[in-house]
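Going down the list, the protein sequences come from chains A and B. Every position in the first sequence, counted from 1, becomes a number in our numbering once 20 is added. Every position in the second sequence, counted from 1, becomes a number in our numbering once 12 is added.
Keep in mind the hints are simulated off the structure, nothing from the lab. There's no promise every hint is true.
Computed spacing ranges between beta-carbons, pair by pair [unchecked claim]:
(1) B:Leu315 x A:Trp84: 40 to 48 angstroms
(2) A:Thr209 x B:Gly271: 34 to 42 angstroms
(3) A:Gly164 x B:Gly271: 21 to 29 angstroms
(4) B:Ala115 x A:Ala359: 56 to 64 angstroms
(5) A:Ser189 x B:Leu314: 55 to 63 angstroms
(6) B:Leu214 x A:Leu220: 40 to 48 angstroms
(7) A:Gly147 x B:Ala327: 19 to 27 angstroms
(8) B:Leu315 x A:Arg58: 57 to 65 angstroms
(9) B:Gly271 x A:Leu206: 35 to 43 angstroms
(10) A:Ala359 x B:Arg347: 42 to 50 angstroms
(11) B:Glu170 x A:Asp83: 46 to 54 angstroms
(12) A:Ser189 x B:Arg342: 56 to 64 angstroms
Glycine included, each C-beta is placed from N, C-alpha and C at the ideal position.
The residues making up each chain are set out below.
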Amino acid sequence: MTQDPQTLSQPSAPAPADAGGRPAGRSPRSWSPSSLFRWELLLLVILAVVIWAGNQISQYYIDWTNFGFSISGTMEVAIMALAMTPIIITGDIDLSVESMVGLSGAVLGVLWAGGMPLQLAIPIVLGVGFLGGLLNGLLVTRWGLPALVVTLGTLALYRGLAQVVLGTSYVSNFPSAFTTLGQGYLPGTSIPWTLLAFLLLAVVFGAVLHLTWIGRQIFAIGKNKDAARYAGVRVASLRTALFAVSGMVAAFAGIVLASRTSSVRSDNGTGLTLTVVMIAVLGGVDINGGKGTIPGVILAVFTLAALQSALRLAGVSSEYQNVAIGLLLIVSVIAPQVARRMRALVARVRPGRSGPVRGPMPGEVAR
Amino acid sequence: MALSAPANVRAPSGVGPFFGGLMRSREFTLAAVIIVLSALVATQTPNFLTLENLGPVTTLAAIIAIAAVGEAFVILTKNIDLSVESTIGIVAFVVGLILKQQALPVPAAWAVGVGLGLALGMGNGVIVAVFRVPSIVATLGTLSIFRGLCFFVANGKEINLNDLPDGYTDPASQSFFGVPLFVILAIAIVIVAALVLRYTSLGRIFYAVGSNAEAAATIGVRSRLTVFLAFSVCGMLAGVAGVLWGINYGAIYANSASGESLAVIAAVVVGGVSIAGGSGTVVGAALGALFLGLINNALLLLLLPQEWLQVIYGAVILFAISADALLQLRAQRARARSRVR
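All chains should be modelled from the sequences, with the hints used to inform the complete structure.
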């Protein structure tokens, strides 16, 4: 599934200039219409449409207070999506992040309730997240287990540990200095502190993924694991590290959630994995690996927040908001494929232009 | 993997081809572990090996096993269906609603439930096979879409035992010669599915597509149609599981069966069906469901704290897949050594 090196589907080696996974203009097999169809551009259009629709729904939609409120509600999943992006690019997946949110919150709550200062508790919680992610990574890379199954197992395991740590009780007497981080805004603005944290992390992840050798190796792994290994990439170590980072980032998201809701329970974060993966996929990250950009993911976060806010103002309850998210997830994958088929059709009608190259989807056969 | 080879044989050597394959098969190991586990628990608590205890446990395991058989079809083709829990939930609710409003007689309501499951499965199949959406993305989406539909149908209400015909939940506790009715039904479904997968060309196609879609295409297998079929079977059996879920519980909520996808997939994986496709059997998947159900029950009976259940559950899943991987690693190394000699 996500495990297989897509050897057969990648007829040509990825060019380094192609690091963003998008058809770079200077790449030898560039196809001109695609540069107009850049996924990020399409996302911008979708975002504009959503904002326009939201403005039709309510006069309170385009409003700084609404912006701050809406965006701060998505920051936990947004932060986790940043770490999920490189994992999906390497062809893996981490389904356990939502349980790590619960576990980190539970550990934080118990340590705080036990009298430990938060300055000490927070690093410990981040360490727990790191170890949890490391376990995922080691099981995946050292024992060669599929990431999907491993993280499905740890999805249950970490949620269970959260229940063991915290039981059915909850902790809610966090100090105001702590809850301000999740609930407060930059002085004089409607920009939540959590948005600042997300953007800082996004810059770090974006820079590492798109500007450094680490990022190029991540894309290389995603396009062809064996080729990457023969090229000297330490595939296992890098994949393990990405899982460890994902665990730590999920623990951070758990802290952010605890701060924003100023309470922790063992079921904190249940169901968030869907949204995290949705953001990554909507942001143009290929679930089969090898493609994706952090700017795309950032745009997806804002699109999601804008959509949720519009639905909320339209009086749509959260269960139906999930339907919209699910639909958006599927449509966001179908849409570019339909666009590709249209382009392929155009290319066939007008000879001389080569059609786009893409890997086969599950169940599809190369013809 | 060759089309004619049994899917679960791992490099048989020494012992006769049949017995060697059997000894090495996940089904054999699981059955042995289940028997040993049951014996151990029985010595600790006399309540374990009674119909009062094992009846409800195996009945629930049978429901999960039926869904797991469907999931096995999908996983065999190298796909995954995360939406089964929502299908089970919405089918259970819709059947309950039909009976509450007395719109249809009971068998017709069941048929509608199974048909609804089939339709939802076909929906998944279309999204994956026709629109080429990776199954994990597609079914992650339909997981919440189907659940949303269920909330829409439920409209804030729930189905109670009073809403259902008298004695509606009785089949869940009936048994023949000590074997619960649902278990017999599950065994029948497993046998049919196993025979189809093992001995018919239609069944072998699922393995072929999962093992090597391109090779399958070369010999004329229509891969995408096969994937569509797998999702349809999965939806239909999830529909059956949904009908049984309603009969078993009597009270149905809009969020019924939430989280059961994990149990279903865990059963399939623990049962030795490879998530990479093309290998494993539905017998293993069903035994996996039974194993996980018994583990849960044993932990409860041994009076372990309730909070630890989930931890051990996750650990068992990880242990089962790790053991498999380590055995394969060892076999590979042994083969590599013998080749060197």
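The hints, checked one at a time:
1. B:Leu315 x A:Trp84: 40 to 48 angstroms: Given a distance of about 56 angstroms, which is not inside 40 to 48 angstroms, the answer is violated.
2. A:Thr209 x B:Gly271: 34 to 42 angstroms: Holds - the Cβ-Cβ distance for Thr209 (chain A) and Gly271 (chain B), about 40 angstroms, lies within 34 to 42 angstroms.
3. A:Gly164 x B:Gly271: 21 to 29 angstroms: Given about 28 angstroms between the Cβ atoms, the range holds.
4. B:Ala115 x A:Ala359: 56 to 64 angstroms: Violated, since Ala115 (chain B) and Ala359 (chain A) (Cβ atoms, about 44 angstroms apart) do not stay within the stated range.
5. A:Ser189 x B:Leu314: 55 to 63 angstroms: violated, 24 angstroms
6. B:Leu214 x A:Leu220: 40 to 48 angstroms: violated, 55 angstroms
7. A:Gly147 x B:Ala327: 19 to 27 angstroms: This hint holds: roughly 21 angstroms between Cβ atoms.
8. B:Leu315 x A:Arg58: 57 to 65 angstroms: holds, 60 angstroms
9. B:Gly271 x A:Leu206: 35 to 43 angstroms: holds, 38 angstroms
10. A:Ala359 x B:Arg347: 42 to 50 angstroms: holds, 47 angstroms
11. B:Glu170 x A:Asp83: 46 to 54 angstroms: violated, 38 angstroms
12. A:Ser189 x B:Arg342: 56 to 64 angstroms: Violated, at about 45 angstroms.
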